[in-house]
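We have chain A already, so just place chain B on it with the hints.
Protein chains in written order, with the working numbering: chain A, 1 to 272; chain B, 1 to 115.
FYI, nobody ran anything at the bench for these hints, they're computed from the structure.
Bear in mind that the values here come from a model prediction, so they are computed numbers and not experimental data.
Errors might be hidden in some of the hints.
Some residues of chain A that are not near chain B, with every Cβ distance over 10 Å (derived) [claimed, not checked]:
id	residue
1	S23
2	V26
3	G70
4	L71
5	G73
6	E103
7	F113
8	P120
9	G133
10	I136
11	T145
12	I158
13	D169
14	G199
15	Q202
16	M259
One side only, chain A facing chain B, incomplete, derived with CB under 10 Å [claimed, not checked]:
id	residue
17	T5
18	N8
19	I68
20	F131
21	F163
22	F260
Listed next, the in silico BS3-like pairs over lysine-lysine satisfying Cα-Cα at most 27 Å (straight line) [claimed, not checked]:
id	chain 1	residue 1	chain 2	residue 2
23	A	K134	A	K67
24	B	K48	A	K134
25	A	K10	B	K39
26	B	K48	A	K65
27	A	K138	B	K83
28	A	K138	B	K39
29	B	K87	A	K134
30	A	K134	B	K83
31	B	K39	A	K67
32	A	K65	B	K108
33	A	K10	B	K67
34	B	K108	A	K138
35	A	K67	B	K67
36	A	K65	B	K24
37	A	K67	B	K24
38	B	K108	A	K134
39	B	K67	A	K134
40	A	K65	B	K39
Where a beta carbon is used, it is the ideal one built from N, C-alpha and C, also for glycine.
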Amino acid sequence: MEQQTYMNIKRQRTNLIIGLIVSIAVVNIAVFFSAASEIGMMVADFSTISTIAIAFGLSLVVVGKQKISGLFGRAYAVLAIGLVCWLTAEALWAYYQIGLGIENPFPSLADAFWLAGYGPFAYHLFSTSRFFGKGIRKSFLAVVTLAVALYVTFYISIILDTFELTGPDALLSLAIGISYPIADGVILLPALAIIMNSGRGQLTSIPWMFVAFILLVAADSFLGLGAVAATTDQTLHITMLYNAAYLCIAAGLFWYNRMFIGILPKTRTNTT
Amino acid sequence: MSISDDSDGSGNRDKSAGQLVLRKVVDETVRSLGGPISKTIMWHMSNKGIFSESTRIDITAFYLNLKELVGPGADMIMEETCKQLQKHYGTKAGHDVVRSSPLEKIQKMMEIGEA
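In isolation and in its complexed conformation, chain A is listed as follows (with noise of 0.2 Å):
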């Protein structure tokens, strides 16, 4: 029984990496067939609500089951109110750019929920790596925080260098495009930590929201990169990282409430 509860928990982790591959592929097909055409930006725009919406759902049915109480209640229901902050961030930008007409909303509102959603994401991430992240060694640390350091300062530099925009909102433009590395780099520091420590135990070694952050670390470097450089035209890539992230967090939560506070709990009444 137990070497069929073990074996099952393997074949529900490729089934969901094969499930991700699968939705992130059938997303970003459609995003890019579409760029083109005329309705290219509502699908956009709505594959980005509607992915970080799905991830947003399954956070609250995480919440719902395993309330606040712990480590991980509550870093689960940090998690909900930052993908909240980003849903409703995703909303605005579709609503500046369809709704009103503004092909490059930025700065704007959903830059302030953009960055007030980095808080809570923060805070799980950091409270969540005292799980996952034991057993790392100080030196890796230094070297991690060195790169992350670099590479922060590395864009922000680039920043400066292709700050092009004028105007009144030049300056918030500025700060608010210099903010985000700064926030990413947060961020960035426990998910590359604990990517590197992963691979082991059997319902740990992917740690799905991490790598999730790398991906989004990734796409909002791109956009904040390309906001600030004014060259808003080409964010097919940037789009279709940031709906990889979502959904990856989507498979994260799914994998969490599955196997953590889900399926197990319900095998134990059956089968003791």
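Only chain B this time, still in chain A's reference frame:
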């Protein structure tokens, strides 16, 4: 207090009391992760026979099985368990094994009978 001096059976009682405290501390630490996740871990441990007795626990087997289940998370649970044990007893145990793993520290505490 020495567990080797057992002429009146007090050593066994001390050992049992120590095991009971250790088991309680392990339970509390696992519960601090959150309700459902702690139930999942306890379910896995019960399946492996680690939690078959409510008053004692084979800490080495617990750690090895936990490691298999949640990877690096096992070390966090052991570290918290060790801290809580030390706090519970206000013990000096483990001071001479600063560089040891939490598992070794717990074993040491159980061995010398401070726990």
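Status of each hint after checking the structure:
Consistency note on S23 of chain A: stated as away from chain B, and its beta-carbon is indeed over 10 Å from all of that chain's, at 26 Å minimum. Every CB of chain B lies more than 10 Å from the CB of V26 of chain A, the least distance being 31 Å, so the non-interface label holds. The Cβ of G70 of chain A sits about 3 Å from the closest Cβ of chain B, inside the 10 Å cut-off, so the non-interface label is violated. Residue-level check failed: L71 of chain A sits 5 Å from the nearest beta carbon of chain B, not beyond 10 Å.
Look at G73 of chain A: its CB is around 4 Å from the nearest CB on chain B, not clear of 10 Å, so calling it non-interface is violated. The claim that E103 of chain A lies off the interface holds: its Cβ sits roughly 44 Å from the closest Cβ of chain B, which is beyond the 10 Å cut-off. With a least beta-carbon separation of about 27 Å from chain B, F113 of chain A lies farther than 10 Å from that chain, consistent with its non-interface assignment. Remark: the non-interface label on P120 of chain A is consistent with the geometry, its nearest Cβ contact in chain B lying 17 Å away (cut-off 10 Å).
Not every CB of chain B lies more than 10 Å from the CB of G133 of chain A, the least distance being 6 Å, so the non-interface label is violated. Distance check for I136 of chain A against chain B: the nearest CB is about 8 Å away, which does not clear 10 Å, and the non-interface claim fails. The Cβ of T145 of chain A lies farther than 10 Å from every Cβ of chain B, with a closest approach of about 19 Å, so its non-interface assignment holds. Interface exclusion of I158 of chain A from chain B stands, the closest Cβ pair being 35 Å apart, more than 10 Å.
Its beta-carbon lying about 44 Å from the closest one in chain B, D169 of chain A satisfies the requirement of being farther than 10 Å from that chain. Distance to chain B contradicts G199 of chain A as a non-interface residue, since its nearest Cβ pair spans about 8 Å, not more than 10 Å. The Cβ of Q202 of chain A sits about 5 Å from the closest Cβ of chain B, inside the 10 Å cut-off, so the non-interface label is violated. With a closest Cβ-Cβ approach of about 8 Å to chain B, M259 of chain A is found to fall inside the 10 Å limit, against its non-interface label.
Taken as an interface hint, T5 of chain A checks out: its beta carbon lies about 7 Å from the nearest beta carbon of chain B, inside 10 Å. The interface hint given for N8 of chain A is violated, since its Cβ lies 13 Å from the closest Cβ of chain B, which is over the 10 Å cut-off. The closest approach between the C-beta of I68 of chain A and any C-beta of chain B is roughly 9 Å, which is under the 10 Å cut-off, so the hint is satisfied. The beta carbon of F131 of chain A comes within 4 Å of a beta carbon in chain B, closer than 10 Å, and the hint placing it at the interface holds.
The beta carbon of F163 of chain A comes no nearer than 41 Å to any beta carbon in chain B, farther than 10 Å, and the hint placing it at the interface is violated. Below 10 Å, beta-carbon pairs count as interface contacts, and F260 of chain A has one with chain B at about 5 Å; its hint therefore holds. The suggested pairing of K134 of chain A with K67 of chain A holds, with an alpha-carbon distance near 25 Å, which does not exceed 27 Å. Between K48 of chain B and K134 of chain A the alpha-carbon distance is near 24 Å, which keeps this suggested pair within the 27 Å criterion.
Of the pairs offered as hints, the one joining K10 of chain A and K39 of chain B holds, with about 20 Å between alpha carbons and a cut-off of 27 Å not exceeded. For the hint linking K48 of chain B to K65 of chain A, the alpha-carbon distance of about 26 Å falls within 27 Å, and the restraint holds. Our distance criterion of 27 Å between C-alpha atoms is met by K138 of chain A and K83 of chain B, whose separation comes to about 20 Å. Our distance criterion of 27 Å between C-alpha atoms is broken by K138 of chain A and K39 of chain B, whose separation comes to about 32 Å.
Pair hint K87 of chain B plus K134 of chain A holds up; C-alpha atoms about 21 Å apart against a cutoff of 27 Å. Annotation: proposed proximity of K134 of chain A to K83 of chain B holds, straight-line Cα distance about 15 Å (limit 27 Å). The hinted pair formed by K39 of chain B and K67 of chain A meets the criterion: a straight-line CA distance of about 14 Å does not exceed 27 Å. Distance check on the hinted pair: K65 of chain A and K108 of chain B sit about 39 Å apart at the alpha-carbon level, beyond 27 Å; violated.
Distance restraint check for K10 of chain A and K67 of chain B: the Cα-Cα separation of roughly 16 Å lies within the 27 Å cut-off, and the hinted pair is therefore satisfied. Distance hint between K108 of chain B and K138 of chain A is fulfilled; the C-alpha atoms sit about 26 Å from each other, no more than 27 Å. Only pairs whose Cα atoms come within 27 Å are accepted, and K67 of chain A paired with K67 of chain B is accepted, the gap being roughly 26 Å. Taking the CA atoms of K65 of chain A and K24 of chain B, the gap is about 25 Å. The hint holds against a cut of 27 Å.
Proximity of K67 of chain A to K24 of chain B is assessed by CA-CA distance (about 23 Å); at most 27 Å being required, the pair is judged to hold. For the hint pairing K108 of chain B with K134 of chain A, the CA-to-CA distance comes to about 21 Å; that is within 27 Å, so the pair holds. Using a Cα cut-off of 27 Å, the hinted pair K67 of chain B and K134 of chain A holds, with the two alpha carbons roughly 11 Å apart. Among the hinted pairs, K65 of chain A with K39 of chain B is consistent with the structure: their alpha-carbon atoms are about 13 Å apart, no more than 27 Å.
The earlier numbered hints that this structure contradicts are 3, 4, 5, 9, 10, 14, 15, 16, 18, 21, 28, 32.
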